[in-house]
Amino acid sequence: MNMERIKPTRSGLFAIELLIAVGVFSLCAAICVGLFVRSEVMSQDSADLNRAVTEARSAAECFKAVGGDLEKTAELTGGQISGDTTLFISYDQSWHKLDAGAEGAFDITLTLRPEDGYTGASLSVQRYDRTEKETTGTTILFWEIAALEVAS
Amino acid sequence: MKRGGGVSGAVSLVMIFCVLCLAVFAVLTLATADREAKLAEMTARSAADYYEADRRAVEIAAALQKGGEPADVAVVWSGDVASFTVPIGEDQALDAAVRVQAGGPCEIVRWRTIYTGEWEPEEYLNVWDGT
Amino acid sequence: MRKQSGAGTLAALALTCVFGVTLLLSLAAGAGVYRRVADRVDESSQSRVSLSYVAALLHSYDEAGMAEAGTYGDGGAVFLYQEIDGLIYETILYVYDGQLREMLCEKDWEQDAEFGDPISPAQALEVSEPVPGLLRLVLTGPDGTKQTADVYIRSEG
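Going line by line, the protein sequences match chains D, Y and R.
If you read the first sequence in my numbering, its first letter stands for residue 16, the second for the next number, and so on.
If you read the second sequence in my numbering, its first letter stands for residue 9, the second for the next number, and so on.
If you read the third sequence in my numbering, its first letter stands for residue 20, the second for the next number, and so on.
Among the clues, some could well be false.
[As the list claims (entries may be wrong)] In silico contact screen, one side only, chain Y against chain R (beta carbon under 7 Å); selected entries: (1) Ala-41; (2) Asp-88; (3) Ser-91; (4) Phe-92; (5) Thr-121; (6) Thr-124.
[Stated by the list, open to error] Keeping only pairs whose Cα atoms sit at most 30 Å apart, straight-line, the calculated DSSO-like set for lysine-lysine is: (7) Y:Lys-46 to D:Lys-87; (8) D:Lys-87 to R:Lys-165; (9) Y:Lys-46 to R:Lys-165; (10) D:Lys-112 to Y:Lys-46; (11) R:Lys-165 to D:Lys-112; (12) D:Lys-112 to D:Lys-87; (13) D:Lys-112 to D:Lys-148.
Derived by calculation from the structure, the hints in this document are not laboratory data.
Just so we're clear, the structure is a prediction, and the values are computed from it rather than from any experiment.
Cβ atoms here follow ideal geometry from the backbone N, Cα and C, with glycine treated the same way.
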């Protein structure tokens, strides 16, 4: 009986090395891609928070400048009043202001709360994730602000 | 017996180099995003502290206009002008002064943020004092 | 036998090329993500250093007669006054020669706009007052994008 030894060929060894390299790279790439995705989400959230603070500051300053008058605040900020006590300012994904009544990705909500001698309000910024079935809102900022009466 | 060619070793080298580059990119990106997230949180907290102090100062001014004197804040009177301070976070405060007027809204004389933390000037430079 | 080893070598080389292209694509994708994150950080810091800085300065100078809007340099400007040892000093925030600048000098001292300390790159600053006491600042960045911030000067006079 002749026993022939099977010698490994050059291309065979190369193929095995390639397989191992692909396996190792796939594992490392999977970890790195996970880190990239996490970084992208964190970065987008930070940018949204920074813009939310800037827009909320402007809305609060306008509210204080008119002594808590919601109609004048709506004129200054380009928002829409709902039910006499609530002002909505809508923004799209890139924080551009939308027309009144439009469904945006972000909303600033100013709700009046008359107090004794001054006008109080709660100011919140919500982010909306809209899908076909439902819309989920997350509050990313919430302040209580107040305005003294302004001499006319 | 022929040895394995240089090509097979090169594949592993290139793979290792690319994995290293990818790992460096990933760590850099995560570090940058994390730093920015912390800064955004600090900015938001600072703004929230300011408007909280502002709201408290408005409450105090409204109470003073009505003739009341808030119990938990020191008010200094100079004629008809009342001055008081409301802390903003740890290192800042809102320094306010209002003129209380009978029969009308109070007039705000001063409503500025001031730094109340510790500050030591650096004096290692010999700055010319004019003499 | 030769044909088979030739085919095997070709297959291995083809796989190597595909693997190499995958490596390059993944590196390019990683670099692209880092570029996007770095751009967002740059944009946030640009906004933080410029308009937020001006707003914070305005809040710290909010006293009767100590803050007002005007014109200087290439357009609108904010003038902030403070008294030190009996002298009135003014801090002027304005845009000149592609930079948002800050200049501290004695009030009404005629200074060239180029002597202000640069704060951040900007093309123009517009300051308006839609209602009394409310300063609307519109800063045009170096890339032409406009940012708006409203600051209410609470003190009267």
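Outcome of the hint check:
1. Ala-41: 5 Å, holds
2. Asp-88: 14 Å, violated
3. Ser-91: With Cβ-Cβ at 11 Å, over 7 Å, it is violated.
4. Phe-92: 14 Å, violated
5. Thr-121: 5 Å, holds
6. Thr-124: Violated, about 12 Å.
7. Y:Lys-46 to D:Lys-87: Violated, at about 35 Å.
8. D:Lys-87 to R:Lys-165: 24 Å, holds
9. Y:Lys-46 to R:Lys-165: Holds, at roughly 26 Å.
10. D:Lys-112 to Y:Lys-46: Given pair D:Lys-112, Y:Lys-46 holds - Cα atoms ~27 Å apart, limit 30 Å.
11. R:Lys-165 to D:Lys-112: 13 Å, holds
12. D:Lys-112 to D:Lys-87: With Cα atoms ~17 Å apart, D:Lys-112 and D:Lys-87 stay inside 30 Å; holds.
13. D:Lys-112 to D:Lys-148: 25 Å, holds
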